[in-house]
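All letters in the sequence shown, in the order written, are residues 1 to 405 by this note's numbering.
Think of the hints as simulated: they come from the structure by calculation, not from any bench.
None of the values given here were measured: they were computed from a predicted structure.
Among the hints, a few may not be true.
What the hints assert, rightly or not - Derived SDA-like pairs: lysine to any residue, alpha-carbon spacing no greater than 20 Å straight-line:
hint: 1; residue 1: 364; residue 2: 394
hint: 2; residue 1: 297; residue 2: 345
hint: 3; residue 1: 330; residue 2: 288
hint: 4; residue 1: 320; residue 2: 378
hint: 5; residue 1: 338; residue 2: 394
hint: 6; residue 1: 320; residue 2: 289
hint: 7; residue 1: 344; residue 2: 367
hint: 8; residue 1: 338; residue 2: 367
hint: 9; residue 1: 364; residue 2: 352
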Amino acid sequence: MRIRTLMLVFMAATTLSAQSTSSKVAPSPWVGSWAASPFDGDSWHTVPTLVDSTLREVIHTSIAGNQLRVRLTNEFGTEPLFIGAASIAVSTGISSIDAASLHDLTFGGLPSIVIPPGAQALSDPVPMTTAAFADLAISLYLPLQQISDVSVHSSAQQDNYAVTGNHVREASLTTPVIVPSWYFIKGVDVENAGPQHAAVVVFGDSITDGAYATENANHRWGDYLAVRLHENPSTANLSVLNEGIGGNCILVHCVGQNALARFDRDVLSQAGVKYVIVLEGINDIGGLHNPNRPEYKLTAEDLEQGLAQLVARAHEHGIKVFGATLTPYKGAGYFTEKGEAIRKAVNQWILTGGVFDGAIDFDKATSDPANPLMFAPQYDSGDHLHPKDAGYAAMANSIDLGLFQ
Numbered sequence: 001m002r003i004r005t006l007m008l009v010f011m012a013a014t015t016l017s018a019q020s021t022s023s024k025v026a027p028s029p030w031v032g033s034w035a036a037s038p039f040d041g042d043s044w045h046t047v048p049t050l051v052d053s054t055l056r057e058v059i060h061t062s063i064a065g066n067q068l069r070v071r072l073t074n075e076f077g078t079e080p081l082f083i084g085a086a087s088i089a090v091s092t093g094i095s096s097i098d099a100a101s102l103h104d105l106t107f108g109g110l111p112s113i114v115i116p117p118g119a120q121a122l123s124d125p126v127p128m129t130t131a132a133f134a135d136l137a138i139s140l141y142l143p144l145q146q147i148s149d150v151s152v153h154s155s156a157q158q159d160n161y162a163v164t165g166n167h168v169r170e171a172s173l174t175t176p177v178i179v180p181s182w183y184f185i186k187g188v189d190v191e192n193a194g195p196q197h198a199a200v201v202v203f204g205d206s207i208t209d210g211a212y213a214t215e216n217a218n219h220r221w222g223d224y225l226a227v228r229l230h231e232n233p234s235t236a237n238l239s240v241l242n243e244g245i246g247g248n249c250i251l252v253h254c255v256g257q258n259a260l261a262r263f264d265r266d267v268l269s270q271a272g273v274k275y276v277i278v279l280e281g282i283n284d285i286g287g288l289h290n291p292n293r294p295e296y297k298l299t300a301e302d303l304e305q306g307l308a309q310l311v312a313r314a315h316e317h318g319i320k321v322f323g324a325t326l327t328p329y330k331g332a333g334y335f336t337e338k339g340e341a342i343r344k345a346v347n348q349w350i351l352t353g354g355v356f357d358g359a360i361d362f363d364k365a366t367s368d369p370a371n372p373l374m375f376a377p378q379y380d381s382g383d384h385l386h387p388k389d390a391g392y393a394a395m396a397n398s399i400d401l402g403l404f405q
């Protein structure tokens, strides 16, 4: 009886060990190379005619790969989204592509897919080698269907194109309509042989989204950071995923879901994320200026609590979070003295509070030494809230790359 008991114990332990071994999930070879945050649109952008049309949307990679896959989204749609055909190719400028690089996108081996409301879709892997900083054109054909609500990233700072009919395999589109937003695309992941490849997510509002940056030039601060990382041998394995939404807030609904609500979708679900840089809160502060919202209250502690929540949730997934100080905004349309006091307090907390894994002082990098409450003139876009290209470059250049090593 004792021998039999020992044998049963041994067999049970062996079974548990095998189950434990088989339950271990190998690290994914996929890393995001480009991304955007979809949302349900905003009131100041018109939606073009999307049905029975081809959308050709241009994106800019940040890391090379041996093959790729495309993420499509119907997360904010209220009806099924029918993608009749799709392709990807190297962009050669405007709506033209390199025909030799054209690859059809498939989904479970099929050339089309219906994406349910609220869902995403991932293409099959495409055997397409891409370089870092390649411009790729993703073409989607949308047959006749009901599309009441779109999943869109407005203000792409990039021209995209729409034309009637199915032209996903055409080398160039004839007289397309220019579309300034990305519709129904969420990301491009690459498979890379290097085990140390990972993604840095830059998470924020219009300053991260690149408002007032030169169109079609990839001059957001995240783009400048991607170049710096690539040129530095010890960080060349890192991509940059831009998850900024113009007008976004941390705690309340401004444009798009608040940062706390969208963090899982826009950060934690991205492929290969290892680091996050958070630059957000100025729109929450700006809300204090609105005379039609006397009930709106905000304190520095409110914003600090919200930011600390983002850090705690990222840490659950083994992701390091770096806090970036809020840039100057005196002279902006929604500046208030109370808001400035909150900005100053939050910035001090970011730098000294010890909640983040590191701090980046964008306030110091962009402010005017003679008037620290304002942007330095050479960095100001003119609205006293957003930088121009030189300001975005200064922000990226101020980041200590040692944070990522």
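Tested hints:
With a CA separation close to 10 Å, the supplied pair residue 364 and residue 394 stays within the 20 Å bound. In summary, the hint linking residue 297 to residue 345 is supported, as the alpha carbons are separated by about 16 Å, within the 20 Å threshold. Restraint check: the Cα-Cα separation between residue 330 and residue 288 comes to about 14 Å, which is no more than 20 Å; the hinted pair holds. Taken as a hint, the residue 320 and residue 378 pair is broken in the structure, with Cα atoms around 32 Å apart against an allowance of 20 Å.
At most 20 Å may separate the alpha-carbon atoms for a hinted pair to count; residue 338 and residue 394 exceed this at roughly 27 Å. Taking the CA atoms of residue 320 and residue 289, the gap is about 34 Å. The hint is violated against a cut of 20 Å. Between residue 344 and residue 367 the alpha-carbon distance is near 13 Å, which keeps this suggested pair within the 20 Å criterion. In summary, the hint linking residue 338 to residue 367 is supported, as the alpha carbons are separated by about 19 Å, within the 20 Å threshold.
Of the supplied pair hints, the one linking residue 364 and residue 352 holds, its CA atoms being roughly 15 Å apart against a limit of 20 Å.
Of the hints listed earlier, those the structure fails to meet are numbers 4, 5 and 6, in rising order.
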